[in-house]
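Listed below are the residues making up each chain.
Number of protein chains: 2
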Amino acid sequence: MSSNETHQQMLAKYAEVIVKIGLNLRAGQPLSIRTPTHTSALVREIARVAYQKGASLVDVLWSDDGVSRARAEFAPRDSHDEYPVWQVDGMLKIIEKGGAMLTIVAVDPDLLNGLDTGFVGKLQQAQLKNFDPVRTIVMRNAINWCVVAAYGSAWARKVFPDFKPAQAEEKLWQAIFESTRVTEPDPIAAWDRHIQNLRKRSDYLQAKKYSALSYKSPGTDFSLGLPPGHKWVGGNSLAENGIVFTANMPTEEIFTLPDRHRAEGTVAATFPLSYGGNLIEDFSLTFENGCIVKVNAGKNQSILQQLVDTDEGSTRLGEVSLVPASSPIGKRGYLFYNTLFDENASCHIAIGRAYRFTLIGGEELTDEEFMSAGGNISLNHVDFMIGSGKMDIDGIKDDGTREPVMRSGEWAFDV
Amino acid sequence: MSSNETHQQMLAKYAEVIVKIGLNLRAGQPLSIRTPTHTSALVREIARVAYQKGASLVDVLWSDDGVSRARAEFAPRDSHDEYPVWQVDGMLKIIEKGGAMLTIVAVDPDLLNGLDTGFVGKLQQAQLKNFDPVRTIVMRNAINWCVVAAYGSAWARKVFPDFKPAQAEEKLWQAIFESTRVTEPDPIAAWDRHIQNLRKRSDYLQAKKYSALSYKSPGTDFSLGLPPGHKWVGGNSLAENGIVFTANMPTEEIFTLPDRHRAEGTVAATFPLSYGGNLIEDFSLTFENGCIVKVNAGKNQSILQQLVDTDEGSTRLGEVSLVPASSPIGKRGYLFYNTLFDENASCHIAIGRAYRFTLIGGEELTDEEFMSAGGNISLNHVDFMIGSGKMDIDGIKDDGTREPVMRSGEWAFDV
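Those sequence lines, one after another, are chains A and B. For the first sequence, my numbering assigns the number 1 to the initial residue and increments by one for each residue that follows. For the second sequence, my numbering assigns the number 1 to the initial residue and increments by one for each residue that follows.
Errors might be hidden in some of the hints.
Restricting the straight-line Cα-Cα distance to at most 30 angstroms, the calculated cross-link-like pairs of lysine-lysine (BS3-like) are [claimed, not checked]:
| hint | chain 1 | residue 1 | chain 2 | residue 2 |
| --- | --- | --- | --- | --- |
| 1 | A | K97 | B | K93 |
| 2 | B | K122 | A | K97 |
| 3 | A | K231 | A | K20 |
| 4 | B | K97 | B | K53 |
| 5 | B | K331 | B | K171 |
| 6 | B | K20 | A | K122 |
| 7 | B | K390 | B | K231 |
| 8 | B | K231 | B | K122 |
| 9 | B | K171 | A | K164 |
| 10 | B | K208 | B | K171 |
| 11 | A | K164 | B | K164 |
| 12 | B | K331 | B | K164 |
| 13 | A | K231 | A | K209 |
| 14 | B | K122 | A | K20 |
| 15 | A | K53 | B | K129 |
| 16 | A | K129 | B | K93 |
| 17 | B | K122 | A | K93 |
| 18 | A | K129 | B | K97 |
| 19 | B | K97 | A | K122 |
| 20 | B | K231 | B | K200 |
| 21 | A | K129 | B | K53 |
| 22 | B | K129 | A | K97 |
| 23 | A | K129 | A | K97 |
| 24 | B | K122 | A | K53 |
Some, not all, of what chain B presents toward chain A, calculated at C-beta under 8 angstroms [claimed, not checked]:
| hint | residue |
| --- | --- |
| 25 | R48 |
| 26 | A70 |
| 27 | P84 |
FYI, nobody ran anything at the bench for these hints, they're computed from the structure. A virtual CB, placed ideally from N, CA and C, is assigned to each residue, including glycine.
Generate coordinates for the entire structure from the input sequences, incorporating the hints supplied.
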């Protein structure tokens, strides 16, 4: 942030980047925004930019950390299935009208810490089940959509525990602005260059057509199949509605489809995982024939087990993603306790649903066809981090030969 | 506020009063809350109390002043009919499930000041039209519902322009807490006493069965028919769902049904009226045969005219309400620029829809029957203040004899 720019000006630039690069919103599109109440200063800027770009309606579906916690803490224990389905209906109507969707994450990673995990788990299940129609549409890139972050006081306290609240706020906003290139002299041009660089990596891997990846690092000895027709994606995507958008800001990853039937060995998480308001820490997963057969966690193992027990698809993987340990976010050297950031600091894999667009022609397939091609279906899609500066990854070709993809957490090939 | 009570403790007491006296929420009821994002500290307390009372779901429909203003200022001029109908659907579903409704007002009285009044008027019309199904249910007291206030920075600045923001915030919260008896040693008991006092006034007027009221004060020479079967209401009400609730906090008024066909003369407003984000000031209305035939305003006359032009029912009256000028809110001696407060400082009347429960048996009638009995139907219900320390009101009996009801703004009868 240059010293002569106020925070308000930075929010305005951030809003421009979100609407123009992230969503690439078109005139006449309605926009649905899901966000916590404490992000209102940013949301107002986004609404302004969206309306100036010709949005027909900006419909904000606000949540509130305190109200969510009050429910988890005090609501009758038999009320977990009460769900405001009209919120999902609203998002589906915006999608029907040709709209776009923005999600702003700013949640307290420890929001539901210490509460009745049984009830919290049931609330989470109701959320997963009711939200599935929207998730399904978004995860096949039917529309232009984007996930970004905003400051939250509890989140900042977690990331910067040694700083006073005002300093922690400044540091978290600074990290968000820098990671999303809002501090660049021309953020839009900086994003164009960045997307081109990610595209070169994904093109290289695409040409390789590896049949599997093999991971080695302390605690991890793991291999993961890549099905025929898997597609490497990075930077931006073309939605079914014809709009090219950037689904995550920040984004430093190249990712593709793992084969739901082929994962073997044990993989250790290198970051804590914030899931449903609780942090799962020091955990590992063991796979046989693509299926999780054992979970181990130093903290909140029961929540990790609930996640895996959600449905059959939650015992398998839906995404494999490569990020060098020296990525701009990894270089910061601290945890964000937030997937949007941490997944861009580290190689990761995701439990649960796969993206249709990571399989060539995947959008055209029935669920059954997608699954038999190696794709995974689940109510969940939960990324967790497995990369570090000690990780080596090999690409394995059809004939069994191996090529280095990453060494000591860094790209092992030039583009 | 006693010096040893923190603001957070006062919010908790306020939440108790709202949930227990205002809504009288019952175990198992879902609760729908409409409120601006900046009220989240209060809403969290309300959610806690509601869940502790056994609410099955607290669904908050947040609005945001800044997002609303962004739309009015920047949205395409042909987009006024885009409306998030799913928000209304959500409220109707909560009502269907036997729920209660809370509205928290905290809006900037000048929110849309200076913007394109034509577009703002069209947005307002779309809101009135789409919200009408909810308004109709609430206005016949089908469910327990309540309207309360919370601090907003722009609102506080308007009420206390000579104070610094932190002082204005403290003063506005203090006014809210005092007016809602939260500062009393036992707020619940204080409300019980207050409701009994209002009940005595309404019982007195009910026994009188006046056929009309006649108003005299500077700028006002006005008479208003009261139809046979009109019912005076004050303090609390019995909803169709069997729950006794208090619809407004604060409430200092005794009100009933005016005859839509009988209003004659000119009535001058004694307070500015905040309508749809703009203040209408220094205005008067002239009636013939119950119908507004002339409007005059020193400021925002076109917005007042838009209000009256909404529909046929907006040219007529739907409520007549008596409040002594020395009411606890009137005694404060300043304007709140907010109907919930200002209407409890002054006698007032309302343009538009009448409450069914202000006519004996009114809930059972068709719209046509209700209208021929003197009731009014409209998309609007807009209270405006006509009382002052200089107002005299007479009750007129069937035989034409007159009795004093108020003199110099104060009750002219004992109970």
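field: Numbers of unmet hints, in rising order
entry: 8, 10
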